[in-house]
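First to last, the protein sequences are chains A and B. For reference, each letter of the first sequence is one residue, going 1 to 221 in full-length UniProt numbering. For reference, each letter of the second sequence is one residue, going 1 to 535 in full-length UniProt numbering.
FYI, nobody ran anything at the bench for these hints, they're computed from the structure. Incorrect hints may have been included.
Straight line, CA to CA, 20 Å or less: simulated SDA-like cross-link-like pairs of lysine to any residue [unchecked claim]: (1) A:Lys137 to B:Leu232; (2) A:Lys20 to B:His518; (3) B:Lys497 to B:Phe417.
If you want the ones that stay clear, here's a sample from chain B, every Cβ over 12 Å from chain A, calculated [what the hints assert, rightly or not]: (4) Asp9; (5) Tyr124; (6) Thr184; (7) Arg197; (8) Ile210; (9) Thr222; (10) Leu247; (11) Tyr255; (12) Gly329; (13) Val340; (14) Met373; (15) Phe393; (16) Gly418; (17) Met493; (18) Pro515; (19) His518.
All C-beta atoms in this analysis are idealised placements derived from N, C-alpha and C, irrespective of residue type, glycine included.
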Amino acid sequence: MSTDNTVHGAHTAHVAHHFKTAEQQYSSGKEGIWLFMLTEILMFGAIFVGYAIYHNMYPAMFAEGASSLDWKMGFVNTLVLIFSSFTMAISISFIQKNEQKKAVLALATTVLCGAIFMVIKYFEYQHKFHLGLFPGKFLDVAKVGAEHANLGLYFGFYYVMTGLHGIHVLLGMGLITWCLIRTIRGDFHSQYWIVVEGVGLFWHIVDLIWIFLFPLLYLVG
Amino acid sequence: MANTKAHGDNYINFEKGIWSWLTTVDHKRIGLMYFITVMFFFLIGGIMALLLRLELFAPNAAPNVGQILANGDVYNQVMTYHGAIMVFMVIVPGIPAILGNFFLPLQIGAKDVAFPRINLLSWYCFMAGAILAIATFFTTKIDTGWTFYTPYSIRTGTATAMMVLAAFIMGMSSILTGLNFIVTVHKLRAPGMTMHRMPLFIWSLYATAILQMLATPVLGITLLLLAVERFLGIGIFDPKLGGDPVLFQHFFWFYSHPAVYIMIIPAMGIISELITTFSKKVIFGYTAIAYSSLGIAAVSFFVWGHHMFVSGQSETTGIVFSFLTMLVGVPTAIKMFNWVATFYKGSVEFRSPMLYALGFMFLFAIGGVTGVMLATLPIDVHFHDTYFVVAHFHYVMVGGTLMALMGGYYYWFPKMFGKMYNETTARISFVFIFIGFNVTFFPQFILGAMGMPRRYFDYIPAYENLNKISTVGSWLILIGFLVGLYTIVQGLMKGEKAPMNPWGSKTLEWQTSSPPPHDNFSVEPVVTAGPYEYR
Ligand code: HEM
Ligand SMILES: [Cu+2]
Chain A
1 MSTDNTVHGA HTAHVAHHFK TAEQQYSSGK EGIWLFMLTE ILMFGAIFVG
51 YAIYHNMYPA MFAEGASSLD WKMGFVNTLV LIFSSFTMAI SISFIQKNEQ
101 KKAVLALATT VLCGAIFMVI KYFEYQHKFH LGLFPGKFLD VAKVGAEHAN
151 LGLYFGFYYV MTGLHGIHVL LGMGLITWCL IRTIRGDFHS QYWIVVEGVG
201 LFWHIVDLIW IFLFPLLYLV G
Chain B
1 MANTKAHGDN YINFEKGIWS WLTTVDHKRI GLMYFITVMF FFLIGGIMAL
51 LLRLELFAPN AAPNVGQILA NGDVYNQVMT YHGAIMVFMV IVPGIPAILG
101 NFFLPLQIGA KDVAFPRINL LSWYCFMAGA ILAIATFFTT KIDTGWTFYT
151 PYSIRTGTAT AMMVLAAFIM GMSSILTGLN FIVTVHKLRA PGMTMHRMPL
201 FIWSLYATAI LQMLATPVLG ITLLLLAVER FLGIGIFDPK LGGDPVLFQH
251 FFWFYSHPAV YIMIIPAMGI ISELITTFSK KVIFGYTAIA YSSLGIAAVS
301 FFVWGHHMFV SGQSETTGIV FSFLTMLVGV PTAIKMFNWV ATFYKGSVEF
351 RSPMLYALGF MFLFAIGGVT GVMLATLPID VHFHDTYFVV AHFHYVMVGG
401 TLMALMGGYY YWFPKMFGKM YNETTARISF VFIFIGFNVT FFPQFILGAM
451 GMPRRYFDYI PAYENLNKIS TVGSWLILIG FLVGLYTIVQ GLMKGEKAPM
501 NPWGSKTLEW QTSSPPPHDN FSVEPVVTAG PYEYR
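All chains should be modelled from the sequences, with the hints used to inform the complete structure.
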């Protein structure tokens, strides 16, 4: 293992022992992340299929459910996430140019956007709870009226889909914060940024899923 | 480096202490940890199986021996644990996680898998899921069968939600393993190791990894929805609330049919290795075998409806699924014929791994042919949910996967532990398992054809004799595995030191010391020829 940690040769400190070169490590990491994203898409894909089937079966219920959502809040959240995808992307190009300060700023903005998203989501949930619009059997029929008693199914989908997405947003925020700390520590630079790129990809997928969720839940009805 | 002196010369003694194992990122050690855990669960699942067969030894009306388990509910629970443990905790992780982890990097000349820490994480996911699954046993237990069919699984008062969450977590472990393998195969092959020089075991793991990655997320979300349905009563799968229980079956089999190939494709890979090694001859039709793995993987995504012929799906759907299912037989048969052709003019040596390979071919042929029978729509309407199906899937899962796993253990035992096992006891073990298996499961084809339904804890007297034979068979299998366990323990304790390449194999894992060093190869191998250049 004499080549480890030596400056000459391709084996530098950030290349793990089982890789030969930095490129090999980079391209492996990248492929791994893309494959992982594929599984995320498949997982959400299955719920989308469920959504499509039930939308087809009960179009009136879905229209009614969608009309009780506030599309303006959803729209603001869409903008927030798109913007955060942008700040995430530029943080990587800053790191590649060794402009760590700007990168930190961009990452912090991204986390902030995630937080804004969650706060808006919180108020939306709060509002729904207030109206008695709970999922499934918890739907408050006394409040929503007997003629809307079947809304539980729609809100079941709503909470499962946005809830699962919300968990991903929280996870993403955690991961980005971790990248932020490591950027401050100086772990990432023009030779090594795959971790940030991976987390960034995750964040883009989370945004992408929202871009599908928003029209499906709020607009199609 | 200075501290390398303190380390031993192979992966087992490289570092010492339990902590060095629990935190290891060495693929070989992780493979061994899977080995120990999976074998433990196999023991539990096996005890359950023996109990089930004991209960079915005689109809309940028979005096004295009639009823062993307290009642039908207990039978359902034991049946569910047996199935769920054997599927999710033994057969699915079995070959990829144990032998795959250990030998994939070795066979392609790499130092490790692409993501060693994720590899360790996948073991912890597996353990977390497995412990959660076993923990349900100490709550209200589960009684849905391993298939968790709705609406029963929504309404039963047992710990279904906990169990499906456990399966969800184990699914993550499976996804991570698959992901790791795909990237490793793509990126970490040694110089000269082109895709077409990879051993066939690697091709099979590669095809399996694709299935694990593509199918498991769908199972994950299905199980999650089932748990949510239980907590919130949304009405996705519950017809009482406007849901569709058949949708659950679609989702479930969309994963679980490919999952049966997750179980069998790596087994086929092992068989390819065994047959060429012990025939001392280059395998016949390397490319055909390699690509038929991918072919099986691809077709397996379009056949799930064959589990639902009587579920109320439309007749046209049924006919289409029937034809598509028969297509799976084609790549499967391609493998079979190529293996048989490999024997031709080979110098076949009947070592115990080879015995298992032959056992595999025999049993898997029966399992496959009865599978095609079941795929024939009108026949399946008759056989569905009878013991015929039980016999079919045991012939493929046990006769196929488990036989290959055992053959693989013996084959690679010298490499993994640096010791030889006792050939005689290994052969005795095989004979008991092989005969016991047929005695246990062949009568079940007949029982199924006679109309005995599966998953019942009692039966009419007309089925008694065949059930007795079947139960006796399960004792023969038990003896076989006990002898096998003895062989392994005896080999570990007292076995002679294994040479580097006891079988004269050509693949890379045999070109390093037994057991391999921490970094797999002292010098990085450079590959200049295919994997089976015997003659
Ligand atoms: C030639 C290949 C195969 C064909 C054509 C085939 C066909 C079928 C069909 C049509 C059924 C449904 C029977 C019914 O429920 O009425 C079935 C059930 C089953 N098969 Fe196969 N099969 C094949 C290979 C395999 C393999 C390789 C495995 C596992 C390693 C397997 C495991 C199972 C299991 C577990 C079931 C029962 C599932 C349940 O209801 O619990 N099969 N097979
Ligand atoms: Cu199937």
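Hint check results:
1. A:Lys137 to B:Leu232: It holds: about 6 Å lies between the C-alpha atoms, which stays within 20 Å.
2. A:Lys20 to B:His518: holds, 17 Å
3. B:Lys497 to B:Phe417: With a Cα-Cα distance of about 9 Å, the restraint between Lys497 (chain B) and Phe417 (chain B) holds, given a limit of 20 Å.
4. Asp9: holds, 15 Å
5. Tyr124: Holds: least Cβ distance 17 Å, greater than 12 Å.
6. Thr184: Per Cβ check, Thr184 (chain B) is inside 12 Å of chain A; nearest 8 Å; violated.
7. Arg197: The assertion about Arg197 (chain B) holds, with a minimum of 19 Å to chain A.
8. Ile210: violated, 10 Å
9. Thr222: violated, 7 Å
10. Leu247: With a cut-off of 12 Å, Leu247 (chain B) comes too close to chain A, as the shortest Cβ separation is near 7 Å.
11. Tyr255: violated, 9 Å
12. Gly329: holds, 27 Å
13. Val340: Given that every Cβ of chain A is farther than 12 Å from that of Val340 (chain B), nearest at about 36 Å, it holds.
14. Met373: holds, 31 Å
15. Phe393: holds, 25 Å
16. Gly418: holds, 22 Å
17. Met493: holds, 32 Å
18. Pro515: holds, 18 Å
19. His518: Its Cβ does come within 12 Å of chain A, the nearest being 10 Å, so this is violated.
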